[in-house]
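Take these sequences, add in the hints, and give me the full structure.
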Amino acid sequence: MQPSPRWLLALPLLLAFTLTGCADDSGSGGGVQSMKLSAIRGRDKLVCGVDGKLPGFSFLGPDGTYSGLDADTCRAVAAAVLGDPAKVEYRDLNSSERFAALASGEVDMLARNTTMTLSRDSAGGNGISFGPTTFFDGQGLMAPVASGIRTLKDLAGKPICVESGTTTELNLADRMREQGIAYTPLKFQTGDQTYAAYLGGRCVAVTSDRSQLAAKRSSFPKPDEHILLPEVMSKEPLTPASVNGDPAWADAMRWTVFALFQAEELGITKANVAAKVAEAKANKNLADLRRFLGVEGDFGKQLGLPADFVPKTIAAVGNYGEIFERNVGSGSPLKLERSENRLWSKGGLIYSPPFR
Amino acid sequence: MSATLKRIPWWRDRRVVPWIVQAAVGLVLLLVITLLVGNLVRNLTAAGMLLSWRWLGQPASFDVAESLIPFDASMPYWRALLVGLVNSLRVILVGLVGATLLGTAMGMASFSGNGLLRRLARVYVEVIRNIPLLLQLLFWYFVVFLALPNGTAAFQLPGIVLSKSGLYLAWFAQGFSWQGPELVNGVWQAPLRLSVEFTALLTGLITYTGAFVAEVVRGGIASVSKGQWEAATSLGLHWSASMRSVVLPQALRVIVPGLNSQYISLAKNSSLAVAVGYVDLYSVSETTLNQTGRALEVFLLLLGSYLIIDLLISAVMNGVNQLVQIRER
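Chains as they are written, first to last, in our numbering: chain P, 1 to 356; chain D, 1001 to 1329.
Mixed in with the good hints, there may be bad ones.
[To be verified] In silico BS3-like links for lysine-lysine, alpha-carbon gap of 30 Å or less:
| no. | chain 1 | residue 1 | chain 2 | residue 2 |
| --- | --- | --- | --- | --- |
| 1 | D | K1164 | P | K158 |
| 2 | P | K301 | P | K281 |
| 3 | D | K1006 | P | K222 |
[Said to hold, decoys possible] Cβ pair distances, simulated, as ranges:
| no. | chain 1 | residue 1 | chain 2 | residue 2 | range |
| --- | --- | --- | --- | --- | --- |
| 4 | P | V232 | D | V1032 | 25 to 31 Å |
| 5 | D | G1180 | P | S147 | 28 to 34 Å |
| 6 | P | P333 | D | V1144 | 31 to 37 Å |
| 7 | P | G157 | D | P1249 | 50 to 56 Å |
| 8 | D | V1123 | P | P333 | 43 to 49 Å |
| 9 | D | L1183 | P | D174 | 30 to 36 Å |
| 10 | P | S218 | D | G1159 | 41 to 47 Å |
| 11 | P | S218 | D | S1261 | 44 to 50 Å |
| 12 | P | G180 | D | F1155 | 31 to 37 Å |
| 13 | P | G157 | D | V1032 | 57 to 63 Å |
| 14 | P | A156 | D | A1173 | 20 to 26 Å |
| 15 | P | G157 | D | A1173 | 28 to 34 Å |
| 16 | D | L1101 | P | E178 | 57 to 63 Å |
| 17 | P | D224 | D | S1261 | 48 to 54 Å |
Calculated from the structure, these hints are not laboratory results. Don't be surprised by glycine CBs; every beta carbon is placed ideally from N, CA and C.
Printed below as a string of structure tokens:
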């Protein structure tokens, strides 16, 4: 019996670095050079690293398709680059595999509820390149209603379940140290084991991102018996990421996501995008809309993408608001509030820089 | 014969040609290695992942559930890794002793005159060794131990209490007074407390490795010729006495080398601890990897640690093997 399949992780990484030379690949046309973009076009498929087990974000359904906010981010990028949202190969990654998979080129991008942090972004740390944040989250705690636990102080001396391979351990340790509360962290490798131990009564509370807690709670036998504590222990901006060292590819991904935000702001939806394009084509005075939808100008070319990448993307997955409501909001079992994830114009943090 | 025929040209000289071939192969090998290492360094540098060990001195900033040496979140990463290593060694050492005792008993039982005992030993071996260890660990932890009650309903024997929060044992308290577990405010207290994670992992490792050890012991005993049994019996020795003083010492010569690889497996398998929430070396390394992003360094440390642990076990077992060999006089 192998000690753990995760051991093998170091091997391909080493091999990849040992065997690959430094190829100087000139990218596709349009003056934009990107190894990743030409590699994705070459295989006609976007390889996207996701969680795969998190309802609302990326979840493999019984019909064999992935659904969720992260999965839709992958689809949006595939639609922008390849013109087809179905040309995505999903790769389930656990939280300790994800950065190595990205660095070794096993996946083109991550849309795996990954928190953007300094050490992950910096060249001296994980050295990955983050796009725009697609979900503003925070770490929280869930406890059984019957336990009477309502604040951090109630957890003194008690065991708390934590999933490994995230910043949650660090945040929990920081908060508890600040308040001088002693506790026992019980760390498990996968979410399934973590929540099984919590439901088995081994720990009195479980900590994770609040969206994840809500998502997992929705799959519990009795969701009503568990509450999310009001305490928010950290900022968790969940952000898609690409590998460092390919700025053209990072830009293409970044502006595809911004296009989702911008489309919501302009009121362009999956349903009306074709009409909007027709309207823009007919009316020369709608310069902003014409540029955004690629009717005039060369934004697509500047990014190394097709001219009509925005309408293709919106037609495939809808705008950000639609993606949110469908996967985690009112149209989903999670029923999360938009709160911080509203558009900036409605008091939230979702903001796209201008398309000009 | 003229003198010129005696001189063999160097390209056909048996004393020269092998050296040239060896040198050529050696040169090619060296070139390939240089190319590979050069690529590795260049690509690692490009990815900003060139080996660095400075992070070992930075504060770990995470807590661990149990530790034999003092530890808190403000201590550096190397200390956290040490905590993991000590925890790993603890479960490995106790596991080795337990698996040996259980395995030897089961191996000997398969030669017992008592049919029930014999069949029980066979069933144990066949069931346990044919189910993956990870499944067994998850079974012990989630199905058996987490189903235990807490508080007054806990499973109690004199000096032993088994509950969902752990295994509580009687031990010497202050002043060498023997003290058993007691219930204080609904929470069990005892001089010796083993966490339920440790207990589950240990149970899983001992029962799993015990089945393999039982087979090794059975093979060893079977290798002792029937004449030895008969000779012992004709001297009037009872079954257990002939096993203890005649058969087992001879069987050890066959058993010890086989035990070596079982012990090594146990040490490696202990890294499955993370599945049941026990803080071993692998578990700590995983957190460290995630917080520092130093994947190669952490994996090198892990690989090195398990290699050294296993080589040490091998060295000790080779020493034991020398002791049990027949000494020619």
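Open item on the list: Hints numbered earlier in the text: which of these fail when held up against the supplied structure?
Closed with: Going through the list in order, the structure violates hints 3, 4, 15, 16 and respects the others.
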